[in-house]
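Produce the entire structure from the sequences given, and follow the hints as far as they go.
Residue numbers (my numbering), protein chains in the order written: chain A, 118 to 375; chain B, 833 to 1254.
Worth flagging that the hints you see were computed from the coordinates, not collected in a lab.
Please read all numbers here as calculations on a predicted model, not as lab measurements.
Label pairs and their in silico Cβ distance ranges:
#  : chain 1 : residue 1 : chain 2 : residue 2 : range
1  : A       : S306      : B       : E1156     : 28 to 36 Å
2  : B       : R1252     : A       : T195      : 21 to 29 Å
3  : B       : Y1202     : A       : S275      : 49 to 57 Å
4  : B       : I869      : A       : R270      : 16 to 24 Å
5  : B       : K868      : A       : D265      : 30 to 38 Å
6  : A       : G157      : B       : V1141     : 53 to 61 Å
7  : B       : L876      : A       : T195      : 53 to 61 Å
8  : A       : G200      : B       : R1252     : 30 to 38 Å
9  : A       : H268      : B       : H1207     : 48 to 56 Å
10 : B       : V850      : A       : S275      : 35 to 43 Å
11 : B       : K868      : A       : S275      : 27 to 35 Å
Backbone N, C-alpha and C define an ideal beta-carbon position, used for all residues, glycine too.
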Amino acid sequence: MQSSSFAGPAAAPAAQPVIELLDLHKVYRVGTELVYALRGVSLTIRENEYVAIMGQSGSGKSTLMNILGCLDVLTKGTYRLRGGDVSKLSQSRLAHVRGRQIGFVFQSFELLGRTTALKNVELPLTYTRARHRRQRAIEALRRVNLLDRAHHRPNQLSGGQKQRVAIARALAQQPDIILADEPTGNLDSATGEEILQIFDRLHAEGQTIIIVTHEEDIARHCRRVVRLRDGQVLSDTGDGDRVQRAGTPAATIPQVAP
Amino acid sequence: MKAVRVLVDALLFVPDRVAALAGNVFTALVQIRANKIRSLLTVLGIIIAVTSIIAVVSMVEGFGNYVTSFLRGLGTNMMVVYPEAVRGPRGEFLRRAEMTIEDIQAIDAGAAAIRRTSPVVWNSAVIEYGRQQLTGIELRGTNEFFQAIRNFYADTGRFFGAVDVESGAPVCVLGREVLRKLECDEGIVGDYVHIDGQRFQVVGLLESKGSFMGENQDQMIVIPWSTAVKMYPRARKYLGFYVEALQESQIPEAEGQLVRILRQRHGLKPGDKNDFGIFKQDQVLQEFHKIRLIATSVLAGIVSISLLVGGIGIMNVMLVSVTERTREIGLRKSVGARRRDILLQFLTEAVVLATVGGAIGIALGYSISYLVSMHPSMVPVKVPLWSVGLALGFSAGVGIFFGIIPAFKAAIIHPIDALRHE
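As structure tokens, this is what we get:
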């Protein structure tokens, strides 16, 4: 497992960059109007970082997440994922990257209703034609403490359990990053806290995690907070070794000491 | 262009996809199970198409087998010649066509390709035995060659011989059905019956041949033709006869010879039509081929209409399914599914749906033809393997043809839009 070789958060400054965004622009055309969703975002996220991307609706955080997750292509700029440029890949290659390097966790879980938890976790592995799917899926379920529910269907699981299955599905491929979009949005606060503790633990095991959220409580779990406004980075508490410019609102963010 | 590329990609990728295909088939079956009624209604057209393919083909094939085995049972190198009045003014002038024993003897003497002949008197008779009386029983007056020419033998007792024929002896051979209707057993051999009031000795029983086209061949009385013409004097001028050629291949030759002799003897001028008819086996075969052609055309009509309806049904329900499962498509794409993965998934689903319909149709079609064949006057059915293959192939083809548009629609959904879909 990847996590067995982790060096711990203390080694963060020397860690390799996983995501490098350089002057990212994204323009949509809505009817005849052009919408500038992202205008010049530059961001580096290193291995084993635990990042919250925050911002109000319209700030561009969803667009940024879609691009980070290779669900969307950028208009201008460069996006390097583990050193490889993914800005100009075809749909098919992007799908491959999504399957291999990115683990998604969605607000509404997005489990396949008629199949078991185990089958749901196996799903990404079938698309990348990975070997030992069953064992890897079982291992992923074990990491979220849900092995006893492996053969249950989503409608036999609670909301928190569903989200844990979804996290296991994201983990199955041993992705470079886990990209969570409001992962506690559909859960009560106690269950949401449970889910965040799982993310905390995965981070401690060496996993790189990015959470897109608008809730300060969630951001508090993360080691780094990137705030967006109007398609630009408003503030960034830094990627460990260098703190970027901290705008006025960012100063109020309580930062968890490393 | 994009469409073509996605399609080509999908097809080129097929060999690698066996495992994924199994997964897709499983997903498809899960979907079908989850929407049982909807799936059933969707494939109704296919079920009707395949049911009719199997039912009609199995009956036509069964019928074909039956005709063939009947003809074989009839003796393969024989013809039946019978007097037949010419229609129209010439027929009026000639009155009733005639044929006598002299005609037959002339053929025996003059036709080299003919091995032997057997006169035949056709009639229907009343038979009495004890208190039992049967009416409308087929009676044949013929000679000792009947057995060999018709390939129809007495298996109990004996057939009458040349001596009986020469003397016009009151002896008869009975079919099994007559025996059954008279409510007696094989003990009747040696006993006496009354046929149209005359006393006959039963010398033998004919083997059982079953019925053909609703006519029971076992419900028959056979007596010497000489005895028959004594009972029915009018028949003396209207004899028919069986002809056995030397070989099956010499039938046309034998026919030519007998036609020439008969025309000459009957004083027919060139251009006159024959005043007799000839029944040959290839006539039966031709009739049968006509029936088969009609059945096939009707079948093709039914099948193409119901396949079209079935295909549209499948396309419709697949389009609904794609819309319903847009979020699932988005999720699958976000975890690494490419367009061709989604395309193949939905295409497989359409094909599985259609094939399940096909399988139901095969079962139904077989049941129908089996039930029909239980009726006593029907022939036993046979479901040929090729028709099962054809039916399944057609169903799968319909699945592919009508499934490609919905599958393609699913494949090109953008993952972000799909995940936002409510």
